[in-house]
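Peer 1: Chain order of the listed sequences is V and S.
Per our numbering, residue 1 is the first one in the first sequence, and the count goes up by one each step.
Per our numbering, residue 1 is the first one in the second sequence, and the count goes up by one each step.
These are calculated hints, taken from the structure and not from any lab test.
Any given hint could turn out to be false.
Stated by the list, open to error - Here's a subset of chain S near chain V, in silico, CB distances under 8 Å, partners left out: (1) Ser28; (2) Pro40; (3) Gln42; (4) Pro44; (5) Glu45; (6) Tyr46; (7) Gly50; (8) Ala83; (9) Tyr87; (10) Lys103; (11) Leu104; (12) Phe106.
Unchecked claim - Taking lysine to aspartate or glutamate and the EDC-like style, the derived pairs with C-alpha atoms no more than 20 Å apart in a straight line are: (13) S/Lys103 / S/Glu45; (14) S/Lys103 / V/Asp57; (15) V/Lys11 / V/Asp86; (16) V/Lys44 / S/Asp92; (17) S/Lys103 / V/Glu68; (18) V/Lys11 / V/Glu108; (19) V/Lys44 / V/Asp63; (20) V/Lys44 / V/Asp57; (21) V/Lys71 / V/Glu85; (22) V/Lys44 / V/Glu85; (23) V/Lys44 / S/Glu14; (24) S/Lys103 / V/Glu85; (25) V/Lys11 / V/Asp56; (26) V/Lys44 / V/Asp86; (27) V/Lys78 / V/Asp56; (28) S/Lys103 / V/Glu108; (29) V/Lys83 / V/Glu14.
Claimed, not checked - Computed Cβ-Cβ distance ranges for the label pairs, DEER-style: (30) V/Arg16 / S/Pro116: 24 to 32 Å; (31) S/Ser25 / V/Ser27: 19 to 27 Å; (32) V/Gln41 / S/Asn57: 24 to 32 Å; (33) V/Gln17 / S/Thr52: 46 to 54 Å.
Note that the coordinates shown come from a computational prediction; the quantities given were computed from them, not determined experimentally.
Note that CB positions come from ideal geometry on N, CA and C, so glycine has one too.
Here is what each chain is made of, one letter per residue.
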Amino acid sequence: EAGVAQSPRYKIIEKRQSVAFWCNPISGHATLYWYQQILGQGPKLLIQFQNNGVVDDSQLPKDRFSAERLKGVDSTLKIQPAKLEDSAVYLCASSLNFQLAGEIRGYEQYFGPGTRLTVT
Amino acid sequence: DAKTTQPNSMESNEEEPVHLPCNHSTISGTDYIHWYRQLPSQGPEYVIHGLTSNVNNRMASLAIAEDRKSSTLILHRATLRDAAVYYCILRDGGPTYGGATNKLIFGTGTLLAVQP
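Chain S on its own, in the form it takes in the complex (with noise of 0.2 Å):
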């Protein structure tokens, strides 16, 4: 299974950009680049997702590198409920068991810690 490489902890100020890096240089062709985050004391939750083109949704944009070797998660307006830990994580879009999707392999994720 393809591995994500990301830092620990990182600290943001209110109402200022994040950029969360997420390194996976082991990519293969049909990995899709998924984006969840974890709030304190709840289940994860979807954030965002791609495969080779840059995306944007309500919460978030994510910048794929050319190579795909490496993203970057935008929040482009930190408030104090983004502080979660966030996991970048690879998902195998090849081919799958009885229309079932490839699972997700968490890592530990970056905790992002963001002061008023």
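In isolation and in its complexed conformation, chain V is listed as follows (with noise of 0.2 Å):
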């Protein structure tokens, strides 16, 4: 079973410029999430798509980043303009999600391998 891809996996940006990443998910997972990674620190959640529509996106600083998920398959996270503390490692990871018996299942994420962003 292939895994979450992504690209680029590295990005060298000056400040004010603009950069999109791109993540495909496993196929048939419907929640697909972009996470930040400051060196040092433990990832943290920017949004959860789940099939096209948004779950979480209380943690995205929507003046300068926007993801979307057109059809529910791939995402882009977009950072417009960048900032030198928008350099961080950014990760796409999804989760198949369903309900059996009332309960959620399959709710394992699986990440893809990141995409590094240093902002000068």
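Since each chain sits alone in its own frame, please combine them into the complex, following the hints.
Peer 2: Take a look at the structure:
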């Protein structure tokens, strides 16, 4: 089974430029997540999609970050304009999530390799 | 959101068991205990999860205290490939939106070093 794919793997931009990251989740996974991981810290959830609807974007800096998941499959995360503090690894994850006997199952998250962003 | 406390780092010898502790004294009745690990330069990887009873899978065992205020991830025979940051996370298993699950909140985890 193919894992979560992300591109690019590395990106270097200057502050105030824009950048976009792409994620292709595991086939059939309903839930997609974008995380930001700053060096030395654990991943922080930016946005969570259930199919193509947003479940949680409370930690997304909406003045500069945007994300979409068209057709409930692939997703893109955009930063415009970038700041120095946006330097981090951006991780995409997906999970199956389905209901069985009234309980949610398949919520284990599978992560992609991440995109390392450096803003200079 | 309920929080967990883990040691910043631990060391182990190869082929010996490793016990990684996690304290979660404010855990609620609907919180599941999840463990993920992150190998160098990779995304996190699911290890195991549980609610009340101890759990075993091919990767590890999870021992949960009777009062659920602490848990221990057990790697039965550490290998060099087990060197990673291990995250203990509480996930709210309560009512969710539209079939989605409540989010994971990662801390800084425990950096496990394995010596040959």
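Peer 1: Each of the hints needs a verdict: does it hold here or not?
Peer 2: Cross-check of the supplied hints:
Hint status for S/Ser28: violated, given a least beta-carbon distance of 17 Å to chain V, over 8 Å. With 8 Å as the threshold, the beta carbon of S/Pro40 stays out of range of chain V, its nearest partner Cβ sitting at about 12 Å, so the hint is violated. Taking 8 Å as the C-beta cut-off, the interface hint given for S/Gln42 holds, the closest approach to chain V being about 6 Å. Restraint check, S/Pro44 versus chain V: the minimum CB separation of about 5 Å is within 8 Å; hint holds.
Checking S/Glu45 against chain V by beta carbon gives a least distance of about 7 Å; that is within 8 Å, so the hint holds. Hint status for S/Tyr46 relative to chain V: holds, with the closest Cβ pair at about 4 Å, below 8 Å. Taken as an interface hint, S/Gly50 does not check out: its beta carbon lies about 13 Å from the nearest beta carbon of chain V, beyond 8 Å. For S/Ala83, the shortest C-beta to C-beta distance to chain V is roughly 17 Å, which exceeds 8 Å, and the interface hint is violated.
At about 6 Å, the closest approach between the beta carbon of S/Tyr87 and any beta carbon in chain V falls short of 8 Å, and the interface hint on this residue holds. Evaluation of the S/Lys103 hint against chain V yields a held restraint, the C-beta minimum of about 5 Å falling below 8 Å. Nearest Cβ of chain V to the Cβ of S/Leu104: about 7 Å, under the 8 Å cut. The hint holds. Against a cut-off of 8 Å between C-beta atoms, the interface hint on S/Phe106 holds, since the closest Cβ of chain V lies about 3 Å away.
As the CA atoms of S/Lys103 and S/Glu45 are separated by approximately 15 Å, the hinted pair is consistent with the 20 Å bound. Our distance criterion of 20 Å between C-alpha atoms is met by S/Lys103 and V/Asp57, whose separation comes to about 11 Å. This hinted pair checks out: V/Lys11 and V/Asp86 have alpha carbons roughly 12 Å apart, not beyond 20 Å. In summary, the hint linking V/Lys44 to S/Asp92 is supported, as the alpha carbons are separated by about 16 Å, within the 20 Å threshold.
The suggested pairing of S/Lys103 with V/Glu68 holds, with an alpha-carbon distance near 18 Å, which does not exceed 20 Å. Between V/Lys11 and V/Glu108 the alpha-carbon distance is near 28 Å, which puts this suggested pair outside the 20 Å criterion. Under the criterion of a C-alpha separation no larger than 20 Å, the hint pairing V/Lys44 with V/Asp63 is consistent with the structure, at around 18 Å. With a C-alpha separation of about 11 Å, the suggested pairing of V/Lys44 with V/Asp57 holds against the 20 Å cut-off.
Restraint check: the Cα-Cα separation between V/Lys71 and V/Glu85 comes to about 31 Å, which exceeds 20 Å; the hinted pair is violated. Among the hinted pairs, V/Lys44 with V/Glu85 is consistent with the structure: their alpha-carbon atoms are about 14 Å apart, no more than 20 Å. Of the pairs offered as hints, the one joining V/Lys44 and S/Glu14 is violated, with about 31 Å between alpha carbons and a cut-off of 20 Å exceeded. For a cut-off of 20 Å, the pair hint linking S/Lys103 to V/Glu85 is broken: about 24 Å separates their Cα positions.
As the CA atoms of V/Lys11 and V/Asp56 are separated by approximately 26 Å, the hinted pair breaks the 20 Å bound. With a CA separation close to 13 Å, the supplied pair V/Lys44 and V/Asp86 stays within the 20 Å bound. Only pairs whose Cα atoms come within 20 Å are accepted, and V/Lys78 paired with V/Asp56 is accepted, the gap being roughly 17 Å. Restraint check: the Cα-Cα separation between S/Lys103 and V/Glu108 comes to about 11 Å, which is no more than 20 Å; the hinted pair holds.
In summary, the hint linking V/Lys83 to V/Glu14 is supported, as the alpha carbons are separated by about 8 Å, within the 20 Å threshold. Between V/Arg16 and S/Pro116 the Cβ separation comes to about 47 Å, which falls outside the hinted range of 24 to 32 Å. The given range of 19 to 27 Å is broken by S/Ser25 and V/Ser27, whose C-beta atoms sit roughly 40 Å from each other. A hinted range of 24 to 32 Å holds for the C-beta pair V/Gln41 and S/Asn57, which are about 27 Å apart.
Checking the proposed 46 to 54 Å range against V/Gln17 and S/Thr52 shows it holds: the Cβ atoms sit about 50 Å from each other.
When held up to the earlier numbered hints, the structure conflicts with 1, 2, 7, 8, 18, 21, 23, 24, 25, 30 and 31 and fits the remainder.
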